[in-house]
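Chemist: Quick note, the sequences are listed as chains W and L, same order.
For the record, in the first sequence the residue sitting at position 277 is 495 according to the working numbering, with numbers rising by one throughout.
For the record, in the second sequence the residue sitting at position 31 is 1060 according to the working numbering, with numbers rising by one throughout.
These are computed hints drawn from the structure, not numbers from a lab.
Honestly, I wouldn't trust all of these hints.
[As the list claims (entries may be wrong)] Listed next, the in silico BS3-like pairs over lysine-lysine satisfying Cα-Cα at most 27 Å (straight line): (1) W:458 with W:470; (2) W:479 with W:544; (3) L:1067 with W:380; (4) W:479 with W:306; (5) W:479 with W:458; (6) W:301 with L:1067; (7) W:301 with W:458; (8) W:235 with W:458; (9) W:306 with L:1067.
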Amino acid sequence: MDSALIPEGAKRCSFPKFAIGIAIVSAVVLWGVFAMFLCWFKGLNQTNMDDYYGFALWIWADLAVIAVGGGAFFTGLLRYIFKIDELKNIINFAVIIGFICYSSALLILAIDIGQPLRGWFIFWHANVHSMLTEVAFCLSAYFAVLTIEFIPNILENRQANKVPFFHHLAHNMHGVMAVFAATGAFLSFFHQGSLGGVAGVLYGRPFAVREGLLIWPWTFFLFTWSAAAFGPCFTLLVTKITETVTGKKLVKDNVVHLLAKISGWMIVTYIIAKIIDTIYWAMVTAPSLGFTLSHFYSNNGFYGYWILITEIVLCGVVPGAILIMKSTRENPTLRLVAIILGTIGICLNRWVMVLQIMAVPVMSFDTWALYFPSWQEIATTILPVAYGIILISVAYRYLPVFPQEQELNTIEPVSKTE
Amino acid sequence: MFPFSFEWAWDIGHMVFFGGFWYAVSILGAGMTFCILKAAYDTMNDSGDSHH
Chain W
219 MDSALIPEGA KRCSFPKFAI GIAIVSAVVL WGVFAMFLCW FKGLNQTNMD
269 DYYGFALWIW ADLAVIAVGG GAFFTGLLRY IFKIDELKNI INFAVIIGFI
319 CYSSALLILA IDIGQPLRGW FIFWHANVHS MLTEVAFCLS AYFAVLTIEF
369 IPNILENRQA NKVPFFHHLA HNMHGVMAVF AATGAFLSFF HQGSLGGVAG
419 VLYGRPFAVR EGLLIWPWTF FLFTWSAAAF GPCFTLLVTK ITETVTGKKL
469 VKDNVVHLLA KISGWMIVTY IIAKIIDTIY WAMVTAPSLG FTLSHFYSNN
519 GFYGYWILIT EIVLCGVVPG AILIMKSTRE NPTLRLVAII LGTIGICLNR
569 WVMVLQIMAV PVMSFDTWAL YFPSWQEIAT TILPVAYGII LISVAYRYLP
619 VFPQEQELNT IEPVSKTE
Chain L
1030 MFPFSFEWAW DIGHMVFFGG FWYAVSILGA GMTFCILKAA YDTMNDSGDS
1080 HH
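If we strip away everything but chain L, and leave its shape as in the complex, we get (with noise of 0.2 Å):
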């Protein structure tokens, strides 16, 4: 799963596999971050304009 496994190699196997692995999991990772710092920053600067 990680390069420091014993089963790692850096084959095109394992770099397809978990190269698309680890992208959709950094996207996921990095969307969420954003939500919440931005949910954060709007709580302290409490606009009220928000809707949905």
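Excised from the complex, chain W in its bound form (with noise of 0.2 Å):
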């Protein structure tokens, strides 16, 4: 039925398999939107938002996309700026991932903000000072280069890169990628920084404050370098779920590898910093400013020091010593173990930076606020999930996404596609 659009000589499921799959993922899409609507129109009394929490499950996701989306802006550098040429058979796809994080963190934000209509006053009536402002700034702006990055690859779909304009239009986009590759590293590195630094200038918050270098804590640092490290991991996992699911070899193993192990050691760097900055907190910083450490993590029914040893060990020191060493990082297993442990120790390290920030008592006569999100914020947040799986499932069916495809993969002829 529509095998005029997929890629020539690639292999599909039928048409209403697919169409049925589709909608199985839309009806959760519609819960969400549904969800959202609630929120829209009758306000964030749909949420369990309080005073304590006006960072709550959307701002977590919200971080947490943007640090697993990480991996198209790092790939991105890598392929035309540092010009490792081996992954350009994985960036089309990490553009695509880059493009549904962004999107979604933009459609979060949309959702939190709790009156759409106001929601450009950030832009009109930007305040400088503020590192939200920035991140606001960057993420739209980013966000536009992931969608010129993207362009070219939906172009060069089979009828739509027939049309002369389109076809040249592709080309002469990948000619000048470098230079929108650039601006994307450029913007990511004072976005994912400035997320960061949002909690490093906290002042009233001992938990999260943190010294730094001029204006920017050490946080900031911390929050671009950990998106650049585990971003390809996320990559690599949502590259290793559609092989899965579609039953197909999509890209070549020492592209995986070559991934992996720069995103090895990109965790091996980022978590020794973290310990050093975790120490540098928990014996100078919070001491000076009365706490001490069990302070954080004691009197609660929640957050004790397994979330701060999960996070910096098991998903933090493990995946990097994983994937730095080559026999641990070419063994399927445990790589996959490796890059799954990296996306939750990434997700867990922002957790801990939005939720933990704001349970911890801070005044002597305060207590512990744990948190649980409504369904409306449990839906808002399932939500960009299903638009992601629906779009990369229509990437994967009609346009050329992994260039090693049809190489990895025995070719039937194409009336055998449907």
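Reconstruct the complex from the two isolated chains, following the hints.
Modeler: Okay, here's the thing in structure tokens:
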């Protein structure tokens, strides 16, 4: 039925099977959209946010998808600026994942602001001293970069590419892609960093506040570094999931090994910096503000030392060690364990830096404030996941996302693709 | 956001922040304008020799 749109020589499932899959995931999207409209029409009383939790599940989801979406800017930087040619075989997919992550982040923010009709105020009436203003500007501009990076892949669709203008446009955009990638890296450095900087400058929150360099707290640099380190892990994880679902090998092992190796070394360097930062904060910064380390990890029903150890050791040191050693990196099972742990680790870091900050008591008369999201918050957070599944499914079906797919899989005649 | 907005001030904060922002947007705008104009030119003079 849609065989004319499928990349030449590629084998895809039948259209009814594809449509049924999309319909199932669309039901989840509709659930999320319903919750989204509830939030827009009835207001933020639909959430469990309160005076303690001005930042809650949505902001965690926002920071998490932006961090894991960092694979796009870092892979683009390596491919176009550092000229690592092997990565051309995974860059399209990294861009699509980044596009999904950043569009999801913008969607979540559009719900979170509660009054979307005034969303443009942050741009028009910009407070240039706010790190969140910098995030809003860089996030929007980088989403434009990701859209620009995604367009050539869309124009390479079998039918679109027959239109001469589209064919030439895709070709020309490839020609100047290094300029766009460099701009994307510039924007990503600042918005990833500023998201961490927001936590680091919370002087009233001893759990978050950090010293730093000039106007930037250390969390600024840690957030950028961690996004570049763990973002490729997420790219590799989604690639593996796509390979499992499609039952095909889509990217050659040497490309996966290379990206895993780079990610591994980035994780190791990041986690060393993170450990030094944590020790300095625990031994110097927090005590200077009148707090001991145990204050942040005791006397409550959820946040214990386990979360610190899980984030830094289990989901930081372990994946880093697995990915830097050739023998473990090239073992598919161990590599999968490492990229899963890495992805969990970066999400856990963002959880701690958003939600644990809000939970810790600050005043002597205060108590721990734990929070559980409402179903509307959960539905609108799952919404981007379902949207991502749909976009990846459609892109995989109709666009030449993986240049090595045909080489790695037995090609059947086009007439048998349906 | 613009010098004609009432909050605008010619201070270092505005110049650095918006200087960086408009610089990035200008690069994106110029890059896309170049690509679109060149694609239109290539289409009109359809050489058919572009491959990627």
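Chemist: For each hint, tell me whether it holds in the structure or not.
Modeler: Hint-by-hint comparison with the structure:
no. : hint              : verdict
1   : W:458 with W:470  : holds (12 Å)
2   : W:479 with W:544  : holds (8 Å)
3   : L:1067 with W:380 : holds (18 Å)
4   : W:479 with W:306  : holds (16 Å)
5   : W:479 with W:458  : holds (16 Å)
6   : W:301 with L:1067 : holds (25 Å)
7   : W:301 with W:458  : holds (24 Å)
8   : W:235 with W:458  : holds (21 Å)
9   : W:306 with L:1067 : holds (24 Å)
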